[in-house]
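2 protein chains.
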Amino acid sequence: MDIRNQHLNLGEWMELIDRSLTEPDSEPLVNLVDDPEPYDAIFVGGGAGGRFGAAYMRAMGGRPLIIDSWPFLGGSCPHQACVPHHLFSEAAEELDRMRWFSDELFFPKFDASRASILDMIKLFLDGRGSAHAFMNWQTKEQLDVEYVLNARATVIDKNTVQAAGRTFTTRNLILAMGARPVDPGIPGLDLRGVYDFVSLVEELDYEPTRCVIIGGSKVAMEYGSFFHATGCETTIVSRSPLMRTKALHHVDEELRRYVVDGMRKRGMTILEGAHPVSVNDNGSGAVASVTVRLASGETVDLETDFVFLGTGERPQLQGTQETLGYEVNEAGRIVVNKRMQTSVPGVYAIGDMIGGPMEMFKARKSGVCASRNIMGEDLEFDYTEFPDFLHTTYEVTWVGLTEEEARERFDDVIIIRMPPYVEGLDTENLPLPCAEGTMLYAFSKPELSGFQKLVVDGASRRIVGAHHVGYGAKDAFQYIDHLIHRPEGLTIDQLGWMNELFLNPEHFVQLSRLRAGKPKLTHL
Amino acid sequence: MDIRNQHLNLGEWMELIDRSLTEPDSEPLVNLVDDPEPYDAIFVGGGAGGRFGAAYMRAMGGRPLIIDSWPFLGGSCPHQACVPHHLFSEAAEELDRMRWFSDELFFPKFDASRASILDMIKLFLDGRGSAHAFMNWQTKEQLDVEYVLNARATVIDKNTVQAAGRTFTTRNLILAMGARPVDPGIPGLDLRGVYDFVSLVEELDYEPTRCVIIGGSKVAMEYGSFFHATGCETTIVSRSPLMRTKALHHVDEELRRYVVDGMRKRGMTILEGAHPVSVNDNGSGAVASVTVRLASGETVDLETDFVFLGTGERPQLQGTQETLGYEVNEAGRIVVNKRMQTSVPGVYAIGDMIGGPMEMFKARKSGVCASRNIMGEDLEFDYTEFPDFLHTTYEVTWVGLTEEEARERFDDVIIIRMPPYVEGLDTENLPLPCAEGTMLYAFSKPELSGFQKLVVDGASRRIVGAHHVGYGAKDAFQYIDHLIHRPEGLTIDQLGWMNELFLNPEHFVQLSRLRAGKPKLTHL
Numbered sequence: 001m002d003i004r005n006q007h008l009n010l011g012e013w014m015e016l017i018d019r020s021l022t023e024p025d026s027e028p029l030v031n032l033v034d035d036p037e038p039y040d041a042i043f044v045g046g047g048a049g050g051r052f053g054a055a056y057m058r059a060m061g062g063r064p065l066i067i068d069s070w071p072f073l074g075g076s077c078p079h080q081a082c083v084p085h086h087l088f089s090e091a092a093e094e095l096d097r098m099r100w101f102s103d104e105l106f107f108p109k110f111d112a113s114r115a116s117i118l119d120m121i122k123l124f125l126d127g128r129g130s131a132h133a134f135m136n137w138q139t140k141e142q143l144d145v146e147y148v149l150n151a152r153a154t155v156i157d158k159n160t161v162q163a164a165g166r167t168f169t170t171r172n173l174i175l176a177m178g179a180r181p182v183d184p185g186i187p188g189l190d191l192r193g194v195y196d197f198v199s200l201v202e203e204l205d206y207e208p209t210r211c212v213i214i215g216g217s218k219v220a221m222e223y224g225s226f227f228h229a230t231g232c233e234t235t236i237v238s239r240s241p242l243m244r245t246k247a248l249h250h251v252d253e254e255l256r257r258y259v260v261d262g263m264r265k266r267g268m269t270i271l272e273g274a275h276p277v278s279v280n281d282n283g284s285g286a287v288a289s290v291t292v293r294l295a296s297g298e299t300v301d302l303e304t305d306f307v308f309l310g311t312g313e314r315p316q317l318q319g320t321q322e323t324l325g326y327e328v329n330e331a332g333r334i335v336v337n338k339r340m341q342t343s344v345p346g347v348y349a350i351g352d353m354i355g356g357p358m359e360m361f362k363a364r365k366s367g368v369c370a371s372r373n374i375m376g377e378d379l380e381f382d383y384t385e386f387p388d389f390l391h392t393t394y395e396v397t398w399v400g401l402t403e404e405e406a407r408e409r410f411d412d413v414i415i416i417r418m419p420p421y422v423e424g425l426d427t428e429n430l431p432l433p434c435a436e437g438t439m440l441y442a443f444s445k446p447e448l449s450g451f452q453k454l455v456v457d458g459a460s461r462r463i464v465g466a467h468h469v470g471y472g473a474k475d476a477f478q479y480i481d482h483l484i485h486r487p488e489g490l491t492i493d494q495l496g497w498m499n500e501l502f503l504n505p506e507h508f509v510q511l512s513r514l515r516a517g518k519p520k521l522t523h524l
Numbered sequence: 001m002d003i004r005n006q007h008l009n010l011g012e013w014m015e016l017i018d019r020s021l022t023e024p025d026s027e028p029l030v031n032l033v034d035d036p037e038p039y040d041a042i043f044v045g046g047g048a049g050g051r052f053g054a055a056y057m058r059a060m061g062g063r064p065l066i067i068d069s070w071p072f073l074g075g076s077c078p079h080q081a082c083v084p085h086h087l088f089s090e091a092a093e094e095l096d097r098m099r100w101f102s103d104e105l106f107f108p109k110f111d112a113s114r115a116s117i118l119d120m121i122k123l124f125l126d127g128r129g130s131a132h133a134f135m136n137w138q139t140k141e142q143l144d145v146e147y148v149l150n151a152r153a154t155v156i157d158k159n160t161v162q163a164a165g166r167t168f169t170t171r172n173l174i175l176a177m178g179a180r181p182v183d184p185g186i187p188g189l190d191l192r193g194v195y196d197f198v199s200l201v202e203e204l205d206y207e208p209t210r211c212v213i214i215g216g217s218k219v220a221m222e223y224g225s226f227f228h229a230t231g232c233e234t235t236i237v238s239r240s241p242l243m244r245t246k247a248l249h250h251v252d253e254e255l256r257r258y259v260v261d262g263m264r265k266r267g268m269t270i271l272e273g274a275h276p277v278s279v280n281d282n283g284s285g286a287v288a289s290v291t292v293r294l295a296s297g298e299t300v301d302l303e304t305d306f307v308f309l310g311t312g313e314r315p316q317l318q319g320t321q322e323t324l325g326y327e328v329n330e331a332g333r334i335v336v337n338k339r340m341q342t343s344v345p346g347v348y349a350i351g352d353m354i355g356g357p358m359e360m361f362k363a364r365k366s367g368v369c370a371s372r373n374i375m376g377e378d379l380e381f382d383y384t385e386f387p388d389f390l391h392t393t394y395e396v397t398w399v400g401l402t403e404e405e406a407r408e409r410f411d412d413v414i415i416i417r418m419p420p421y422v423e424g425l426d427t428e429n430l431p432l433p434c435a436e437g438t439m440l441y442a443f444s445k446p447e448l449s450g451f452q453k454l455v456v457d458g459a460s461r462r463i464v465g466a467h468h469v470g471y472g473a474k475d476a477f478q479y480i481d482h483l484i485h486r487p488e489g490l491t492i493d494q495l496g497w498m499n500e501l502f503l504n505p506e507h508f509v510q511l512s513r514l515r516a517g518k519p520k521l522t523h524l
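Residue numbers (our numbering), protein chains in the order written: chain A, 1 to 524; chain B, 1 to 524.
Just so you know, the hints here were simulated from the structure itself, not pulled from any lab data. It is possible that part of the hints are untrue.
One copy or two, either will do: identical chains are not told apart, so a pair holds if it fits within one copy or between any two.
[As the list claims (entries may be wrong)] Pairs of lysine-lysine residues, derived as DSSO-like cross-links and limited to a Cα-Cα distance of at most 27 Å, are as follows: (1) Lys338 with Lys518; (2) Lys122 with Lys109; (3) Lys445 with Lys109; (4) Lys246 with Lys122; (5) Lys520 with Lys109; (6) Lys122 with Lys445; (7) Lys122 with Lys518; (8) Lys338 with Lys246; (9) Lys520 with Lys122; (10) Lys520 with Lys445; (11) Lys445 with Lys246; (12) Lys338 with Lys122; (13) Lys445 with Lys265; (14) Lys246 with Lys520.
Construct the complete structure from the given sequences, taking the supplied hints into account.
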């Protein structure tokens, strides 16, 4: 279906995408300029990395082509991953508040029977099409990028890709096919009732009552907090302590404790150092229990009607390694340099295909980095340092060094913390920190109102780490990350002289100001 | 009561403060070092400005003294102003969500009878003491500042202040007595049922059913949104259009419309260009109605049992002008230079006593600025540009130039907006913007999910303004303010290369990235 000269509105796009997804032999959606010249780059995959990379290249005057097997751009994020996660996490936060305040103030008695995983999935499925439609519309009409959707790309060689019955030639090839959840390789995962974040939204068809989560990833913590908040009693089975997995860096121990204790306080069972042995059949092909070897060595059967896999993701190479011969590391990730170049000249890989965090900023910026290099810029992208984030029923955000890491690196580490740590002080009723999202907690249940910590190198006076549990601070961390990682850094004096928007969810500006006057810094 | 050698914990402080507030002839609370030397500065008033100013001076090695008539430090903010406002605004946001989602998803049928202004005030009053206790504790134990509380200061001359039966000498005097709500000067304000934000928390003793707000200030919008969210039908009577008052600068017209339309959409009545004529007696000394001359010239009586004044604030000079002879402007504000020096050498004024916004950052930083100058630093504080903020049932945040202001100043203004403005495009179901706090709206009622706009000077590529309605972006604006007001500014290229924490409540990073590739920028 040639849509080049059609200017569909959002409603028409939604309909077309929906039809393409549901009809078995739906046609490719072809948005191509008639020009026989090779493309500057073909992006195999139009998710976050492919779409942003292509948009940037086009903006610079290049000519990219995106090919995606889905009938929409944007990839898994709006379809199965970050967007449903955020919707579910908002529900978790709201349900959590409604439960703590049950029959207090203006909150009615909490009725757990109203909360439903299925309802939230339905809400998501009914709505996800509009983001798809928007991205297709924007990429064509505002960003002027060519694409072929609803068509699987076949990579013939590094300059030739076939899709939708056509052959496309290109100067550069950019692999952007994303990742899929990893199967942890234990018996019983083929039983009914075993889901990952993809199959959850696509296939769940009953309301679970108990959940066992295998794995301790962000996904495990985020989805687990949501399931539990709906009233589905949740157990996390994790080999490593939560937030102490390889995938997460710079996790401050006090922050970790606040977060994990908070999950336990809400009734979740968290089994750390535990190994899943098998998922067991109820006799009719559905899960009945999960056998787990605990840290103690004891083996237990956890009864459940719902198993959720939170064991991470792995790139989808889709046979391209055999064709192209690029190098892959032991984790199955394509090896690239800081220009996103693989070991094969002219072949780039971006997003979840390569090492580093499987996060949006990296996907998008790696696509942009590949494009800018192809267009002749000399640009490296280092994603070894970045602000990080997860949801429980809280927003948990951090950047830079933990207190422990800073103490290894610097002689004079200064900690500025809220609630303040002062030996013997009765802080249990202290309503600090507080700001939007924690005011009700602060005034009723102060122990739930969050945690924040700033880590400062006393000698250089530079902020080297920032850590936050609460609400409303996530956005700030993009800028804190930028400021502390500039060559000149960010000093406590500069931070303390900023104009705070009181009550600011992180109290970093004013807490710094209370200390910045000191020639020799001390804790607060 | 000499507390110098007592190291009260938070619970003991709470008790002492409470006793001091409730017992008629309670003693002054005296925390003084025995040293006959004059102080470097006496702060008359220990609110935000006085407390931060004194703490900074002490940190620099100076010797300040705070005197306050209240038995606690921190001033009106935690006692009557910003803290209750934030608590009430969080309730408003939550009630608003519960009402929109009444009997949908996991939300029960909304029961307006549960929502109560009185309950929220009680919650606040029961809890406010702990912030007071913390500030007294912190200022003494962590910040090492001397103070005399629960004692009115009498300024004898610029070097001599009496309080608690003692005479204190000082090299500098810093006036920090704050401001109080302004009486709009119409008949009937002495009737029962007329409140301002101070008397509201101290005196309200019935549950109002209808509210008429006189004035169109931030306080009017914030408290009005709260009253209305509790089910108290609210009318705002404002001479100027809302957010077009002198006190607010850089209000983008599209943002203003989204905010004010949003209040109307929730059922509030907003009468702009309307003049209050009188508050009328019900025959037994309580309010029955407010007479208002509408913009049309027509005069109407608005029946009500609750009148709330949102007509701004004015400094409390407390007779010090007669004693000291400093200059005051026509608005009753003390005239100071950028070092916070009044027209009388050695006398400074800070916080709400001087011009500029009556906001926390200015109060605190003006105190710090006075201290740093007294301690010999050469420092000016310019508070003419700053990030600004208000609550409705949303968080509304802005910094820098509006679109209109930018168009006056620059030839090539580029607008990046969400939802996108494209003539004729059917954006009514577009769930963008969305992030924490607006996910449920985005998927159910997308027209409620917020508004955001970035204003860019196309020639220099610099961000010159940022505007946001939604949740969770407030904290970021502290840093955006810092970045765009640096001499080198912040370009769209730099912003687009930051590491976003997706879904970031303001989508500025990635929206910039979608445009930054273009040598000649265009709208998005």
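Okay, the hints, checked on the actual structure:
no., hint, in the structure
1, Lys338 with Lys518, "between (41 Å within a copy, 23 Å between copies)"
2, Lys122 with Lys109, "both (25 Å within a copy, 20 Å between copies)"
3, Lys445 with Lys109, "both (17 Å within a copy, 25 Å between copies)"
4, Lys246 with Lys122, "neither (34 Å within a copy, 48 Å between copies)"
5, Lys520 with Lys109, "neither (52 Å within a copy, 57 Å between copies)"
6, Lys122 with Lys445, "between (33 Å within a copy, 15 Å between copies)"
7, Lys122 with Lys518, "neither (56 Å within a copy, 39 Å between copies)"
8, Lys338 with Lys246, "within (21 Å within a copy, 51 Å between copies)"
9, Lys520 with Lys122, "neither (57 Å within a copy, 43 Å between copies)"
10, Lys520 with Lys445, "neither (36 Å within a copy, 53 Å between copies)"
11, Lys445 with Lys246, "neither (34 Å within a copy, 39 Å between copies)"
12, Lys338 with Lys122, "neither (41 Å within a copy, 58 Å between copies)"
13, Lys445 with Lys265, "within (13 Å within a copy, 33 Å between copies)"
14, Lys246 with Lys520, "neither (36 Å within a copy, 43 Å between copies)"
When held up to the earlier numbered hints, the structure conflicts with 4, 5, 7, 9, 10, 11, 12 and 14 and fits the remainder.
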